[in-house]
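Novice: Kindly produce the complete structure, drawing on both the sequences and the hints.
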Amino acid sequence: MAQVLEFKLPDLGEGLTEAEIVRWLVQVGDVVAVDQPVVEVETAKASVEVPCPYGGVVTARYGEEGAELPVGAPLLTVAVGEPDGKSTAGSGNVLVGYGTSEAPGRRRRVRPVALTGGGASGNGDIGAHAAVNGTKAAGPGVNGTAAAPASSLPATALPSDGPVPVISPLVRRLAREGGLDLRRLAGSGPDGLILRADVERALRAGAGQGSGRTAEAPVAAMPVQAVASASAPASVPGEVRVPLKGIRGAVADKLSRSRREIPDATCWVDADATELMRARAAMNAAGGTKISLVALLARICAAALARFPELNSSVDTEAREIVQHPYVHLGFAAQTERGLVVPVVRDAHTRDAESLTGEFARLTEAARAGTLTPGELTGGTFTLNNYGVFGVDGSTPIVNHPEAAMLGVGRIVPKPWVHEGELAVRQVVQLSLTFDHRVCDGGTAGGFLRYVADCVEQPAVLLRTL
Numbered sequence: 001m002a003q004v005l006e007f008k009l010p011d012l013g014e015g016l017t018e019a020e021i022v023r024w025l026v027q028v029g030d031v032v033a034v035d036q037p038v039v040e041v042e043t044a045k046a047s048v049e050v051p052c053p054y055g056g057v058v059t060a061r062y063g064e065e066g067a068e069l070p071v072g073a074p075l076l077t078v079a080v081g082e083p084d085g086k087s088t089a090g091s092g093n094v095l096v097g098y099g100t101s102e103a104p105g106r107r108r109r110v111r112p113v114a115l116t117g118g119g120a121s122g123n124g125d126i127g128a129h130a131a132v133n134g135t136k137a138a139g140p141g142v143n144g145t146a147a148a149p150a151s152s153l154p155a156t157a158l159p160s161d162g163p164v165p166v167i168s169p170l171v172r173r174l175a176r177e178g179g180l181d182l183r184r185l186a187g188s189g190p191d192g193l194i195l196r197a198d199v200e201r202a203l204r205a206g207a208g209q210g211s212g213r214t215a216e217a218p219v220a221a222m223p224v225q226a227v228a229s230a231s232a233p234a235s236v237p238g239e240v241r242v243p244l245k246g247i248r249g250a251v252a253d254k255l256s257r258s259r260r261e262i263p264d265a266t267c268w269v270d271a272d273a274t275e276l277m278r279a280r281a282a283m284n285a286a287g288g289t290k291i292s293l294v295a296l297l298a299r300i301c302a303a304a305l306a307r308f309p310e311l312n313s314s315v316d317t318e319a320r321e322i323v324q325h326p327y328v329h330l331g332f333a334a335q336t337e338r339g340l341v342v343p344v345v346r347d348a349h350t351r352d353a354e355s356l357t358g359e360f361a362r363l364t365e366a367a368r369a370g371t372l373t374p375g376e377l378t379g380g381t382f383t384l385n386n387y388g389v390f391g392v393d394g395s396t397p398i399v400n401h402p403e404a405a406m407l408g409v410g411r412i413v414p415k416p417w418v419h420e421g422e423l424a425v426r427q428v429v430q431l432s433l434t435f436d437h438r439v440c441d442g443g444t445a446g447g448f449l450r451y452v453a454d455c456v457e458q459p460a461v462l463l464r465t466l
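Read in order, the letters of the sequence shown correspond to residues 1 to 466 in our numbering.
No lab work stands behind these hints, which were simulated from the structure alone.
Values in this document were obtained by computation on a predicted structure and should not be read as measured data.
Label-pair ranges, simulated between beta-carbon atoms: (1) GLN27 with VAL236: 36 to 46 Å; (2) GLY29 with ARG172: 38 to 48 Å; (3) GLU420 with ARG320: 41 to 51 Å.
Where a beta carbon is used, it is the ideal one built from N, C-alpha and C, also for glycine.
Specialist: Right, dumping it as structure tokens:
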């Protein structure tokens with residue numbers, strides 16, 4: 001007899017708690033193999049295809065394309081099994097660096113859960129192929145009997161003692177606006193954590209049963225979509241509202257956290273980049289790989305961080321310690337159609353200009369294609385931000401939390417400059433350094449920036465570090 005297993009959205013790591021369904025790769029009734037990609041999702045960091053750890057027949061899908069699901073929410077259910085009744089083993093893998101939340105042998109039977117966003121995809125996914133050997137896949141009990149969905153239970157029947165296991169402000173707001181008492185709700189997340197999906201299920205259930213809400217809430221019988229619209233400010237004709245989600249939402253959260261936690265300061269200096277541009281032209285004229293300007297700037301950053309390791313660090317607030325990193329994982333800002341991303345060049349301090357050029361090109365192409373992996377977007381220790389490509393001279397960049405510093409580079413343009421005692425037209429660039437004042441004082445930051453400027457003005461200075 002087939003066993004119906006539930007595949008949940010796996011832990012995406014790196015602090016990511018939700019993902020948006022971009023595209024379903026399978027339909028209900030399809031036969032899937034172990035580790036076959038079944039859905040493409042977009043996190044705040046990248047678009048990835050999620051493979052299923054089970055092989056069998058897809059019996060249900062949860063969520064329509066465009067819907068956001070929290071980690072741990074059901075993605076789909078699969079009927080697995082062999083004619084002799086023995087279940088087939090899953091792989092236990094989901095994505096490299098992601099992993100499943102449970103070992104294959106400990107997977108539970110599917111629990112019926114109401115769907116985020118109002119149900120399954122609108123083509124009747126659930127029920128269309130739900131009957132497997134006479135057992136309804138949407139709600140099997142322990143012995144194959146139908147089980148009542150958790151969302152159908154009134155909120156008043158759920159536990160009400162002890163602290164409320166909820167950490168998301170959004171979840172609390174949804175509950176408050178819907179008049180839902182979180183103390184009377186059982187969460188489906190780890191250790192009973194109450195997720196957004198739990199609140200929305202309870203609100204939908206209460207809309208039909210009239211239970212689980214405080215008497216003061218006149219909108220209790222409204223569906224969650226109506227509750228949200230009722231609480232939102234009235235729109236003005238012509239007004240455009242852009243949801244802060246996906247990459248844009250992640251950037252907003254990270255920049256806000258940086259501003260809250262990091263006491264940053266910025267210093268800047270103008271530098272004559274004429275000799276750096278000449279050196280690059282000479283290198284490229286010699287043949288071989290064309291060296292990019294950002295690769296030369298990265299080489300300079302790596303040399304400067306070797307002299308001033310305080311800026312290649314992060315702050316462990318709980319231990320009250322500054323952690324200086326023995327390697328330079330160099331992030332660089334890349335603007336894409338999906339928003340700003342910061343790919344990371346691993347071990348930049350060990351690479352020459354040619355290797356850096358190739359890695360910058362590879363990561364930039366992947367960023368524009370939306371195929372960067374979570375590992376290529378995390379783990380940076382210092383960031384290089386070339387905003388000169390936007391035609392601006394200067395900026396005060398926000399530190400890329402949890403790093404301690406970021407070097408900003410403006411456009412390189414001809415300007416009047418005193419060179420060797422005479423006024424001349426030179427290629428001038430503004431360099432700015434924003435740094436975490438907890439890791440160093442202005443003298444260290446100024447020394448770092450001055451060394452970078454010296455290397456820009458006299459590239460031969462780098463020869464001492466090669």
